[in-house]
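Visitor: Take the sequences, apply the hints, and build the full model.
There are 2 protein chains.
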Amino acid sequence: MSEIYVHGYHPRENERLQDQAGTLVDLLHSDTGYPAGSTVLEAGCGVGSQTVTLAQRSPGARFTSVDISADSIAEAKRKAALAGLTNVEFRHTDIFAMPFGTESFDHVFVCFVLEHLTQPVEALAILNSLLRPGGSITVIEGDHGSAYFYPDSPAARAAIQCQVKLQRKAGGNALVGRQLYPLMIEAGFDAVRVSPRMVYVDSSRPDLVDGFTRRTFTAMIEGIRETAIAACLIEPESFDAGVQDLHRTTEADGVFCYTFFKGVGKKRRRA
Amino acid sequence: MSEIYVHGYHPRENERLQDQAGTLVDLLHSDTGYPAGSTVLEAGCGVGSQTVTLAQRSPGARFTSVDISADSIAEAKRKAALAGLTNVEFRHTDIFAMPFGTESFDHVFVCFVLEHLTQPVEALAILNSLLRPGGSITVIEGDHGSAYFYPDSPAARAAIQCQVKLQRKAGGNALVGRQLYPLMIEAGFDAVRVSPRMVYVDSSRPDLVDGFTRRTFTAMIEGIRETAIAACLIEPESFDAGVQDLHRTTEADGVFCYTFFKGVGKKRRRA
Numbered sequence: 001m002s003e004i005y006v007h008g009y010h011p012r013e014n015e016r017l018q019d020q021a022g023t024l025v026d027l028l029h030s031d032t033g034y035p036a037g038s039t040v041l042e043a044g045c046g047v048g049s050q051t052v053t054l055a056q057r058s059p060g061a062r063f064t065s066v067d068i069s070a071d072s073i074a075e076a077k078r079k080a081a082l083a084g085l086t087n088v089e090f091r092h093t094d095i096f097a098m099p100f101g102t103e104s105f106d107h108v109f110v111c112f113v114l115e116h117l118t119q120p121v122e123a124l125a126i127l128n129s130l131l132r133p134g135g136s137i138t139v140i141e142g143d144h145g146s147a148y149f150y151p152d153s154p155a156a157r158a159a160i161q162c163q164v165k166l167q168r169k170a171g172g173n174a175l176v177g178r179q180l181y182p183l184m185i186e187a188g189f190d191a192v193r194v195s196p197r198m199v200y201v202d203s204s205r206p207d208l209v210d211g212f213t214r215r216t217f218t219a220m221i222e223g224i225r226e227t228a229i230a231a232c233l234i235e236p237e238s239f240d241a242g243v244q245d246l247h248r249t250t251e252a253d254g255v256f257c258y259t260f261f262k263g264v265g266k267k268r269r270r271a
Numbered sequence: 001m002s003e004i005y006v007h008g009y010h011p012r013e014n015e016r017l018q019d020q021a022g023t024l025v026d027l028l029h030s031d032t033g034y035p036a037g038s039t040v041l042e043a044g045c046g047v048g049s050q051t052v053t054l055a056q057r058s059p060g061a062r063f064t065s066v067d068i069s070a071d072s073i074a075e076a077k078r079k080a081a082l083a084g085l086t087n088v089e090f091r092h093t094d095i096f097a098m099p100f101g102t103e104s105f106d107h108v109f110v111c112f113v114l115e116h117l118t119q120p121v122e123a124l125a126i127l128n129s130l131l132r133p134g135g136s137i138t139v140i141e142g143d144h145g146s147a148y149f150y151p152d153s154p155a156a157r158a159a160i161q162c163q164v165k166l167q168r169k170a171g172g173n174a175l176v177g178r179q180l181y182p183l184m185i186e187a188g189f190d191a192v193r194v195s196p197r198m199v200y201v202d203s204s205r206p207d208l209v210d211g212f213t214r215r216t217f218t219a220m221i222e223g224i225r226e227t228a229i230a231a232c233l234i235e236p237e238s239f240d241a242g243v244q245d246l247h248r249t250t251e252a253d254g255v256f257c258y259t260f261f262k263g264v265g266k267k268r269r270r271a
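Residue numbers (this note's numbering), protein chains in the order written: chain A, 1 to 271; chain B, 1 to 271.
You may find that some hints are simply not true.
Note: identical chains are not told apart, hence a pair may lie in one copy or across any two.
Claimed, not checked - Distance condition first, Cα-Cα at most 20 Å in a straight line; then the derived SDA-like pairs of lysine to any residue:
(1) 169 - 39
(2) 165 - 154
(3) 266 - 205
(4) 79 - 61
(5) 165 - 153
(6) 165 - 155
(7) 169 - 153
(8) 77 - 61
(9) 165 - 232
(10) 266 - 253
(11) 79 - 227
(12) 169 - 151
(13) 165 - 151
(14) 169 - 152
(15) 266 - 203
(16) 77 - 103
(17) 266 - 252
(18) 266 - 204
Treat the hints as calculated values from the structure; they're not laboratory data.
Guide: Here it is as structure tokens:
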């Protein structure tokens with residue numbers, strides 16, 4: 001897998017992913033739990049932001065969390081140890097070359113991974129092959145085209161569009177959230193149900209203003225400044241005006257909306 | 001009030017509003033109910049699409065439903081009679097010149113009205129003055145900037161943008177949903193809480209594919225074809241391509257997303 005992870009691997013990014021998991025945890029994970037004794041593959045665990053939540057919510061399940069980045073796996077292990085987790089095994093491996101036999105897992109969990117893949121259907125089909133018949137897959141993805149806000153701002157939209165273009169150049173898809181249903185169907189899953197998880201932020205919810213609008217979404221856009229400018233996608237002044245307008249949405253009369261999509265499907269049982 | 005209602009008043013529009021209320025009724029109204037004996041002003045009832053739902057869900061409350069269009073009031077009366085409603089009185093009046101004393105109502109309900117008003121804050125402030133202290137207001141609005149879909153299509157986005165521009169030319173605001181919170185705060189309401197009501201449609205929900213994507217949203221865009229072309233907002237071929245791409249989202253692998261916003265606030269009690 002030669003995918004480029006456009007968000008980068010630097011410490012601030014790490015912190016951003018942590019913030020994201022911290023403020024969105026209920027919205028994204030409250031309806032995910034695995035029975036005691038079941039085995040769960042977390043494909044693309046990154047620095048373990050979701051792993052800790054997952055494993056704590058299903059203390060009797062056994063997790064195998066894999067990632068293509070050795071550095072991320074090291075950080076995820078550190079985080080799991082700090083949280084005192086004893087039900088997670090970490091493995092450094094590529095989704096497209098996994099050292100597991102077919103039908104080795106009861107469940108699969110994938111979060112913020114498909115957006116980075118050139119071949120999302122192929123990846124899902126591999127994960128499908130690793131599932132026992134009747135087992136479940138859970139997929140969570142964002143969609144940067146789902147971001148809108150008050151005051152509206154063409155400059156802010158242009159800055160966000162830079163992220164969409166960079167991710168496309170890297171072979172990924174920042175608009176993958178809306179596409180979960182057809183991708184999961186095409187990969188052969190059964191009983192697919194997708195539900196949107198909208199983050200609505202106004203100043204009556206100061207924790208979300210800070211935790212989501214400012215420190216998750218706007219911080220992510222701020223983080224691609226140099227890359228977007230170097231790729232000639234935007235002029236520095238335009239980008240900075242866009243970021244300023246994103247910060248404007250955190251004021252008392254501002255509103256920010258973003259939607260994650262969560263898809264659940266089943267591995268077909270044998271006929 | 002000299003607002004122009006851009007959706008028009010023809011029979012097909014009437015039918016569209018009816019379809020909209022039929023398929024979205026739970027999403028929009030399930031958490032609205034008024035106690036027996038309370039008085040409710042429905043401001044801008046149009047052809048009564050919401051009135052029937054409202055009055056049936058709160059059979060002990062007494063509704064006064066008003067609209068600026070005499071034709072719409074006539075149609076709303078017909079609909080209420082057909083539904084056997086006995087707890088609704090209809091009045092033909094303008095929100096900006098209402099024949100009610102201050103603090104005459106326990107509750108106010110406004111649905112799909114602010115989007116058409118040049119002065120939404122002033123309208124809300126008038127409605128506030130008609131409420132008894134401690135009474136509630138409920139406001140529901142769409143937001144056409146919240147529409148996105150798979151496959152994505154610049155042509156479809158351009159066709160939708162025509163509707164946004166026409167509504168703006170008419171003095172309205174097709175993006176008002178995201179703005180409910182600041183509008184309600186500015187109008188002086190207390191304890192304002194806005195919640196998004198997202199309509200997520202994929203082919204596992206055929207009732208929504210037909211009832212919402214096709215017969216509500218796409219039908220609305222189709223309905224502005226002549227007006228948009230006459231206003232030189234778009235070439236006929238581009239508009240038609242956009243509509244075709246909206247229909248494309250109703251196929252087996254298509255997805256369509258739209259969000260309504262529901263705001264609830266309280267009239268301040270006297271200090």
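Visitor: Please go over all the hints and tell whether each is borne out by the structure.
Guide: Quick rundown of the hints versus the structure:
1. With identical chains, the CA atoms of residue 169 and residue 39 are never at most 20 Å apart, being 36 Å at best within one copy and 58 Å at best between copies.
2. Both within a single protomer and between protomers do residue 165 and residue 154 lie at most 20 Å apart by alpha-carbon distance, with minima of 16 Å and 15 Å respectively.
3. Taking the closest pair of Cα atoms, residue 266 and residue 205 come within 20 Å of each other only across two copies (18 Å); inside a single copy the shortest separation is 36 Å, beyond that limit.
4. For the homomeric pair residue 79 and residue 61, the shortest alpha-carbon distance inside one copy (18 Å) is at most 20 Å, but the shortest distance between copies (56 Å) is not.
5. For a Cα distance limit of 20 Å, the shortest separation of residue 165 from residue 153 qualifies both inside one copy, at 18 Å, and across copies, at 15 Å.
6. Taking the shortest Cα distances, residue 165 and residue 155 sit within 20 Å of each other both inside one copy (15 Å) and across copies (19 Å).
7. In this homomeric assembly, residue 169 and residue 153 come within 20 Å of each other (Cα to Cα) only across copies, at 19 Å, whereas the closest approach inside a single copy is 24 Å.
8. With identical chains, the CA atoms of residue 77 and residue 61 are at most 20 Å apart within one copy only, with a shortest distance of 17 Å there and 60 Å across copies.
9. Taking the closest pair of Cα atoms, residue 165 and residue 232 come within 20 Å of each other only inside a single copy of the chain (11 Å); across copies the shortest separation is 31 Å, beyond that limit.
10. In this homomeric assembly, residue 266 and residue 253 come within 20 Å of each other (Cα to Cα) only across copies, at 18 Å, whereas the closest approach inside a single copy is 43 Å.
11. Neither within a single protomer nor between protomers do residue 79 and residue 227 lie at most 20 Å apart by alpha-carbon distance, with minima of 29 Å and 59 Å respectively.
12. For the identical chains of this complex, residue 169 and residue 151 are inter-copy neighbours only, at 19 Å across copies versus 29 Å inside a copy, given an alpha-carbon limit of 20 Å.
13. Within a single copy, residue 165 and residue 151 get their C-alpha atoms only as close as 23 Å, which misses the 20 Å cut-off; across copies the closest is 17 Å, which meets it.
14. Taking CA atoms no more than 20 Å apart as the test, residue 169 paired with residue 152 passes between copies only; the shortest distance there is 17 Å, against 27 Å inside one copy.
15. With identical chains, the CA atoms of residue 266 and residue 203 are at most 20 Å apart between copies only, with a shortest distance of 17 Å across copies and 39 Å within one.
16. Taking CA atoms no more than 20 Å apart as the test, residue 77 paired with residue 103 passes in neither setting, with 26 Å inside one copy and 62 Å between copies.
17. Taking the shortest Cα distances, residue 266 and residue 252 sit within 20 Å of each other only across copies (19 Å), while inside one copy they are farther apart (44 Å).
18. Only between protomers do residue 266 and residue 204 lie at most 20 Å apart by alpha-carbon distance; the minimum there is 14 Å, versus 39 Å within a single protomer.
Hint check: violations occur at hints 1, 11 and 16; the rest are consistent with the structure.
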